[in-house]
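Protein chains: 2
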Amino acid sequence: MVMKASIISIGTEILIGQIINTNASWMGAELNTIGVEVREVISVSDEKNSMLQALEDAENRSEIILVTGGLGPTKDDFTKDVIAEFIDVPLYFDESTYERITNVFKKKNFTLSEQHKEQCWMPEGVQLLENRMGTAPGMLFKTPQGKLLISMPGVPFEMKYIFKHSVIPLLSKMSKIRIYHQTIMTVGTAESIIANMIEDIEENLPKGLSIAYLPSFGKVRVRVSGQGDKGKEVENNVDLLVNTIKERLGDMVYGMNELSLAEAVQRLAIKKNIQLGTAESCTGGFVAHTITKIPGCSQYFKGSVIAYNNDIKSTILGVEEIVLENKGAVSEEVAKQMVKGLLDKFNVDIALSITGIAGPGGGSELKPIGTVFMACGNKKKMVFFEHHFGKNRMINIQYSTVFALNMVRKFLLEV
Amino acid sequence: MVMKASIISIGTEILIGQIINTNASWMGAELNTIGVEVREVISVSDEKNSMLQALEDAENRSEIILVTGGLGPTKDDFTKDVIAEFIDVPLYFDESTYERITNVFKKKNFTLSEQHKEQCWMPEGVQLLENRMGTAPGMLFKTPQGKLLISMPGVPFEMKYIFKHSVIPLLSKMSKIRIYHQTIMTVGTAESIIANMIEDIEENLPKGLSIAYLPSFGKVRVRVSGQGDKGKEVENNVDLLVNTIKERLGDMVYGMNELSLAEAVQRLAIKKNIQLGTAESCTGGFVAHTITKIPGCSQYFKGSVIAYNNDIKSTILGVEEIVLENKGAVSEEVAKQMVKGLLDKFNVDIALSITGIAGPGGGSELKPIGTVFMACGNKKKMVFFEHHFGKNRMINIQYSTVFALNMVRKFLLEV
Numbered sequence: 005m006v007m008k009a010s011i012i013s014i015g016t017e018i019l020i021g022q023i024i025n026t027n028a029s030w031m032g033a034e035l036n037t038i039g040v041e042v043r044e045v046i047s048v049s050d051e052k053n054s055m056l057q058a059l060e061d062a063e064n065r066s067e068i069i070l071v072t073g074g075l076g077p078t079k080d081d082f083t084k085d086v087i088a089e090f091i092d093v094p095l096y097f098d099e100s101t102y103e104r105i106t107n108v109f110k111k112k113n114f115t116l117s118e119q120h121k122e123q124c125w126m127p128e129g130v131q132l133l134e135n136r137m138g139t140a141p142g143m144l145f146k147t148p149q150g151k152l153l154i155s156m157p158g159v160p161f162e163m164k165y166i167f168k169h170s171v172i173p174l175l176s177k178m179s180k181i182r183i184y185h186q187t188i189m190t191v192g193t194a195e196s197i198i199a200n201m202i203e204d205i206e207e208n209l210p211k212g213l214s215i216a217y218l219p220s221f222g223k224v225r226v227r228v229s230g231q232g233d234k235g236k237e238v239e240n241n242v243d244l245l246v247n248t249i250k251e252r253l254g255d256m257v258y259g260m261n262e263l264s265l266a267e268a269v270q271r272l273a274i275k276k277n278i279q280l281g282t283a284e285s286c287t288g289g290f291v292a293h294t295i296t297k298i299p300g301c302s303q304y305f306k307g308s309v310i311a312y313n314n315d316i317k318s319t320i321l322g323v324e325e326i327v328l329e330n331k332g333a334v335s336e337e338v339a340k341q342m343v344k345g346l347l348d349k350f351n352v353d354i355a356l357s358i359t360g361i362a363g364p365g366g367g368s369e370l371k372p373i374g375t376v377f378m379a380c381g382n383k384k385k386m387v388f389f390e391h392h393f394g395k396n397r398m399i400n401i402q403y404s405t406v407f408a409l410n411m412v413r414k415f416l417l418e419v
Numbered sequence: 005m006v007m008k009a010s011i012i013s014i015g016t017e018i019l020i021g022q023i024i025n026t027n028a029s030w031m032g033a034e035l036n037t038i039g040v041e042v043r044e045v046i047s048v049s050d051e052k053n054s055m056l057q058a059l060e061d062a063e064n065r066s067e068i069i070l071v072t073g074g075l076g077p078t079k080d081d082f083t084k085d086v087i088a089e090f091i092d093v094p095l096y097f098d099e100s101t102y103e104r105i106t107n108v109f110k111k112k113n114f115t116l117s118e119q120h121k122e123q124c125w126m127p128e129g130v131q132l133l134e135n136r137m138g139t140a141p142g143m144l145f146k147t148p149q150g151k152l153l154i155s156m157p158g159v160p161f162e163m164k165y166i167f168k169h170s171v172i173p174l175l176s177k178m179s180k181i182r183i184y185h186q187t188i189m190t191v192g193t194a195e196s197i198i199a200n201m202i203e204d205i206e207e208n209l210p211k212g213l214s215i216a217y218l219p220s221f222g223k224v225r226v227r228v229s230g231q232g233d234k235g236k237e238v239e240n241n242v243d244l245l246v247n248t249i250k251e252r253l254g255d256m257v258y259g260m261n262e263l264s265l266a267e268a269v270q271r272l273a274i275k276k277n278i279q280l281g282t283a284e285s286c287t288g289g290f291v292a293h294t295i296t297k298i299p300g301c302s303q304y305f306k307g308s309v310i311a312y313n314n315d316i317k318s319t320i321l322g323v324e325e326i327v328l329e330n331k332g333a334v335s336e337e338v339a340k341q342m343v344k345g346l347l348d349k350f351n352v353d354i355a356l357s358i359t360g361i362a363g364p365g366g367g368s369e370l371k372p373i374g375t376v377f378m379a380c381g382n383k384k385k386m387v388f389f390e391h392h393f394g395k396n397r398m399i400n401i402q403y404s405t406v407f408a409l410n411m412v413r414k415f416l417l418e419v
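Residue numbers (this note's numbering), protein chains in the order written: chain W, 5 to 419; chain A, 5 to 419.
Don't take every hint at face value.
Repeated chains share a single entry, so a pair holds when one copy, or any two copies, can fit it.
As the list claims (entries may be wrong) - Simulated crosslink set (DSSO-like; lysine-lysine; CA at most 30 Å straight-line):
{"no.": "1", "residue 1": "Lys275", "residue 2": "Lys111"}
{"no.": "2", "residue 1": "Lys111", "residue 2": "Lys371"}
{"no.": "3", "residue 1": "Lys164", "residue 2": "Lys297"}
{"no.": "4", "residue 1": "Lys180", "residue 2": "Lys275"}
{"no.": "5", "residue 1": "Lys384", "residue 2": "Lys211"}
{"no.": "6", "residue 1": "Lys223", "residue 2": "Lys111"}
If you are wondering where the hints come from, they were derived from the structure by calculation, not from laboratory data.
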């Protein structure tokens with residue numbers, strides 16, 4: 005049996021969008037790897053009744069209740085009072101916590117405020133979990149129904165410390181299940197087409213295995229999950245299925261497990277000892293940025309010309325003015341001349357160019373917004389693509405970047 | 005009375021931490037500005053009973069239920085089936101949706117798969133909300149208790165489109181409270197310093213007004229909020245306070261209400277009829293991207309050289325090799341020569357250059373990771389800055405970009 009957990013995140017700042025609930029997703033990922041299934045994440049405000057309701061719901065649904073937030077020294081922090089009411093115990097003054105906090109403050113030459121003294125009151129029956137990153141310790145309880153209730157501070161690095169040092173070891177010991185995920189990273193093909201390609205596989209999945217599709221901007225992550233209790237067998241079943249799917253999908257698969265497309269390109273280029281240069285018009289630097297986000301890119305990426313103005317296309321990249329005039333800046337000929345110019349002036353092995361109309365202005369009947377030409381080549385060979393994306397500027401930039409990087413990837417596969 | 009909303013986020017990928025629930029926080033922030041209070045955010049998996057339970061809980065607690073996720077074309081997407089069961093209506097085949105999806109696919113030269121046909125089945129009684137960003141429309145229902153239930157795709161840009169164009173207008177009309185926010189956009193000064201500068205103002209706030217600080221990467225948004233039910237009076241009080249604060253903060257204020265720094269630069273440059281060129285090393289195209297994200301940038305931005313490799317700095321920008329050798333690529337001299345090279349070769353009025361060490365490699369004792377030099381100048385004058393940011397590559401890129409754009413802004417203010 006999989007143990008189920010409910011995560012309760014406390015704090016009005018989450019509900020009004022002032023902070024993003026990264027704590028819950030971080031805990032979810034950690035719990036997932038030890039076979040604890042997060043049943044739900046409930047975010048509620050610093051308000052007693054909402055908190056009590058969330059605790060009650062969670063207790064009815066899960067064996068493990070993980071609460072973050074509301075343990076600070078200020079007035080809006082009263083998670084432990086609510087927990088004391090929920091499990092129906094009084095608070096006591098914990099001398100060991102007082103001593104620890106006093107020492108921390110002495111070291112920092114701060115005086116202990118009355119507010120911090122508040123942090124030493126604990127619900128009876130608590131088991132304290134060490135927090136070396138802050139003043140409020142984690143707290144472990146048994147609820148009236150015998151469920152595990154763990155309360156931690158909302159400050160991410162404090163929560164993570166307690167989680168890694170106390171919560172994970174405790175829950176790992178309790179867990180009897182093996183859960184295992186592998187994610188196949190694909191690019192250039194729509195979710196529905198991929199689903200069609202592996203429909204027969206999905207319809208005959210072995211027990212305990214499942215497939216999920218996570219699309220974003222020209223990429224689709226295909227996640228294969230397995231669940232069981234026989235240790236190694238789950239991993240083998242998932243890996244086997246992953247291999248079958250990878251074979252079926254062919255070269256639209258560029259990597260595994262959250263590998264970025266830029267990193268896939270980087271690995272290939274470095275392996276093949278190739279230097280790359282790019283010339284961007286409509287993407288305006290987003291391709292270069294996507295490439296240079298990855299540490300180590302200087303090993304293969306020499307640089308880029310953002311030729312936003314036609315002047316730059318001709319003076320820096322040597323695109324002929326007559327071609328710009330006759331064919332227009334957004335044309336196959338210009339895309340190809342940009343590649344040639346780069347190969348000459350940047351002294352690179354492979355060059356990529358992109359020219360298009362990102363919008364919202366600049367479209368025409370012949371070349372509507374979303375028209376993007378891209379070319380990729382070396383001294384011997386050049387490939388070219390014409391794309392038609394949509395009307396949204398930023399989405400066009402993102403799609404163009406993904407398809408351009410994929411073009412480089414495919415070119416690299418063949419040289 | 006404030007209207008209350010429950011947000012239900014559907015998707016196992018949220019619970020296992022594969023994606024972070026940014027949708028909920030984005031909606032929370034938007035709802036906050038129109039006087040709708042988010043009571044709770046519930047994230048559950050793609051599992052029928054959990055979804056039904058969440059809907060039931062939400063219906064009991066809030067007037068508005070916002071659901072995201074589970075509307076895609078694949079088998080793990082069945083939010084609308086669950087909703088149909090929840091409000092107890094059958095599904096019907098919606099011809100208008102079928103026609104729209106067919107057209108979208110025709111334009112892209114894709115064939116419509118059986119899975120996409122699935123997306124045309126709708127619970128009876130639905131009111132469709134237009135989604136120009138994808139195939140699945142938003143859906144609006146009345147629940148058995150008469151509550152408002154809105155279901156949207158989980159893909160952020162699709163959800164945002166529907167939310168902005170349909171949900172916000174609808175809820176604004178229903179809301180009876182007047183909430184009015186104005187946000188002062190500042191750059192280059194820390195939150196604590198700003199708070200100090202306006203401490204006396206904050207201590208004497210008129211009733212119903214509040215100030216919040218939202219810092220991010222060198223920028224601080226100072227949000228002034230007013231709440232009341234007297235219409236115009238709230239607005240006047242907020243506007244008055246905003247003017248007082250703006251005067252106090254001086255030229256660190258670059259605009260209002262989510263204006264991006266790049267757009268502030270663009271407005272200034274176009275007003276002064278100035279052409280800009282940039283040369284980036286460590287920021288790798290992020291400055292150019294930040295500039296070219298803004299529609300209309302071609303009116304002042306000519307382009308950029310991403311001189312990642314020293315070769316490019318010398319061949320394209322004319323930085324002297326002896327200077328690169330003696331002073332290093334990350335140096336005041338190189339930053340200044342990059343500006344000079346751009347002014348010559350790009351035929352621009354103002355040029356900006358950035359050279360630094362983004363990390364994680366490349367640091368030294370003399371020039372640790374996070375050291376960034378930037379210069380900005382025209383034919384008559386040049387300004388220069390040396391920055392020391394932290395150890396994180398992406399954070400260094402972001403800070404450098406903000407400070408560089410601010411440098412251009414201040415330069416533009418003075419020419």
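Checked hints:
1. Lys275 - Lys111: For Lys275 and Lys111, the Cα distance exceeds 30 Å both inside one copy (39 Å) and across copies (39 Å).
2. Lys111 - Lys371: Close across copies (14 Å), not inside one copy (53 Å); limit 30 Å.
3. Lys164 - Lys297: both (18 Å within a copy, 26 Å between copies)
4. Lys180 - Lys275: neither (41 Å within a copy, 63 Å between copies)
5. Lys384 - Lys211: Intra 51 Å, inter 73 Å, cutoff 30 Å: neither.
6. Lys223 - Lys111: This pair counts as between: shortest inter-copy Cα distance 20 Å, intra-copy 42 Å.
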